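Q: Residue numbers (the numbering used here), protein chains in the order written: chain B, 1 to 114; chain E, 1 to 245.
Calculated directly from the structure, the hints in this document are not laboratory data. Certain hints may be false.
What the hints assert, rightly or not - Going by beta-carbon spacing under 10 Å, a handful of chain E positions derived as facing chain B:
#  : residue
1  : L21
2  : S24
3  : S30
4  : G32
5  : F40
6  : N54
7  : N57
8  : I63
9  : E72
10 : F76
11 : A78
12 : L86
13 : T131
14 : L186
15 : L190
Said to hold, decoys possible - Derived pair list, reagent style DMTMM-like, types lysine to aspartate or glutamate, alpha-carbon separation capped at 25 Å:
#  : chain 1 : residue 1 : chain 2 : residue 2
16 : B       : K99       : E       : E164
17 : B       : K51       : E       : E164
18 : B       : K62       : E       : D33
19 : B       : K110      : B       : D96
20 : B       : K62       : B       : D79
Stated by the list, open to error - Derived CB-CB ranges, DEER-like:
#  : chain 1 : residue 1 : chain 2 : residue 2 : range
21 : B       : T66       : E       : Y192      : 31 to 37 Å
22 : E       : L11       : B       : T40       : 19 to 25 Å
23 : E       : G32       : B       : V61       : 18 to 24 Å
24 : B       : G52       : E       : R4        : 47 to 53 Å
25 : B       : T34       : E       : D168      : 44 to 50 Å
26 : E       : V5        : B       : G54       : 50 to 56 Å
27 : E       : V5        : B       : T66       : 52 to 58 Å
28 : E       : E164      : B       : D105      : 29 to 35 Å
Just so it is clear, the structure is predicted and the values come from calculations on it, not from any experiment. Using N, Cα and C, we set each Cβ at its ideal position, and we do this for glycine too.
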Amino acid sequence: MSFLPYAVAAWVCLVGLYGIVTSRNLIHLALCLTVMQSSTYLLLLAIGYVKGGGPPIYKGVKLGTTSVDPVVQALTLTDIVVSVTVIALILALALDVHKRAGTVDPDEIKEMSG
Amino acid sequence: MSRRVRIGIFLPALAGLGALLVWSYTGLPSFGDYQGPYGFIVNRIATPLRHMDNAVNATTYDIRGFDTLGEEFILFAAVIGVVLLLRDRGERDADEIEDDTGSDLIRVCGTLAIGAAVLVGLWLVAFGFVTPGGGFQGGVAVASGALLLYLVAGHREWSAFGNETLLDPIKGIGGGGYAVIGLAALVGGLAYLTNFFPGGVTGTVWSGGSAAFVNWAAGIEVAAALVILFAEFLQAYIVPIARSS
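Starting from the given sequences, assemble the full structure and let the hints guide the process.
A: Here you go:
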């Protein structure tokens with residue numbers, strides 16, 4: 001029984017969330033969001049791992065060789081690229097906030113206080 | 001709510017979430033003891049049925065192609081959001097700026113690197129169903145070649161290429177092309193995004209059937225999306241400098 005990779009994913013998720021809530025800078029906050037998002041990649045890839053399995057690519061490899069789950073890898077690779085564009089959107093919003101409020105500290109922005 | 005109060009509420013909640021996560025993952029199958037049938041099925045059918053050696057891309061562009069269409073639209077929407085927020089509000093004076101690199105070494109090595117990056121990117125896309133790679137990864141590599149152009153040539157030369165008149169249609173072709181290839185299957189009476197071409201020869205660039213076109217559409221879309229993002233952020237950075245000089 002080994003749960004270490006899952007524990008790492010949970011840890012990365014919690015660290016990212018802690019960073020988001022305590023952040024004093026919107027750019028730092030966006031990066032914390034990517035950290036939190038990375039935990040899903042770790043979890044997906046950990047779930048898809050097969051003990052002793054090779055990469056799910058059969059060029060020069062006999063069909064039926066033990067391989068890891070390609071589905072979670074496909075989910076992960078598309079999301080890595082998509083997350084880059086989403087982070088770009090968040091950073092553009094941060095630029096806009098800086099233009100309007102003159103600061104990127106969420107605690108000092110009136111509209112963001114709840 | 002003050003910062004202190006917020007963190008005071010948050011920390012117990014974080015501990016609770018942590019406990020829930022530990023509880024949930026101890027219920028998962030042990031690491032390496034993969035149970036689910038889908039991965040094994042895809043690994044079995046990708047090569048014989050789809051003539052694709054790369055089971056990951058067989059999933060991305062063929063078996064799970066409809067989900068990837070959704071991901072493409074997230075990418076599309078995010079880039080449109082960036083463009084709406086940043087695209088120049090009537091200022092076009094940034095073309096005047098002089099920011100050429102002063103270093104011949106950067107110019108020479110950078111120019112060589114552009115060719116290498118674009119070539120590697122195209123290779124990654126073209127052989128996406130044979131070796132590791134595919135539209136998403138190759139598109140990123142091609143886009144990095146475009147960014148090197150700015151490093152090497154400066155803003156004036158870059159803006160001849162990195163402008164919306166050129167990039168927006170390319171991105172549209174990528175995103176729209178993906179959807180249209182899916183629609184083409186409907187014309188033949190098949191389900192949306194069905195792989196309707198013969199699989200081709202396994203292990204060559206001519207493999208994957210119509211999913212190969214889906215792969216190229218994704219590559220074009222991703223490359224154009226990243227270059228557009230770079231162009232918009234560069235413009236947002238450089239216009240104030242051009243104004244103040």
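Q: Taken at face value, is the distance from the CA of E:E164 to the CA of B:K99 at most 25 Å?
A: holds, 23 Å
Q: Should the hint that E:S30 touches chain B count as held when the rule is a Cβ pair under 10 Å?
A: Since the shortest Cβ distance to chain B is 5 Å, the answer is holds.
Q: Quick one, is the E:N54 hint okay against chain B at 10 Å, beta carbons?
A: Holds, about 5 Å.
Q: Hold the hint about E:N57 up to the distance rule: shortest CB distance to chain B must be less than 10 Å.
A: Status holds, d = 7 Å.
Q: Would you say the C-beta atoms of B:G52 and E:R4 sit inside 47 to 53 Å of each other?
A: holds, 51 Å
Q: Quick check on the hint: E:L86 CB to chain B CB, less than 10 Å?
A: holds, 5 Å
Q: Taking the Cβ atom of B:T34 and the Cβ atom of E:D168, is their distance within the range 44 to 50 Å?
A: violated, 27 Å
Q: Tell me if the beta carbons of E:V5 and B:T66 are separated by a distance inside 52 to 58 Å.
A: Roughly 53 Å apart at Cβ, these two residues keep to the hinted range, so it holds.
Q: Does the nearest C-beta of chain B fall within a distance shorter than 10 Å of the C-beta of E:G32?
A: holds, 3 Å
Q: For the pair E:G32 and B:V61, does the Cβ-Cβ distance stay inside 18 to 24 Å?
A: holds, 19 Å
Q: Does the interface hint hold: is E:I63 within less than 10 Å of chain B, judged Cβ to Cβ?
A: holds, 8 Å
Q: Interface hint check: E:L21, Cβ to nearest Cβ on chain B, cutoff 10 Å. Holds or violated?
A: Since chain B brings a Cβ to about 4 Å from E:L21, closer than 10 Å, the hint holds.
Taken one by one, the earlier hints fail for this structure at numbers 14, 15, 17, 20 and 25, listed in ascending order.
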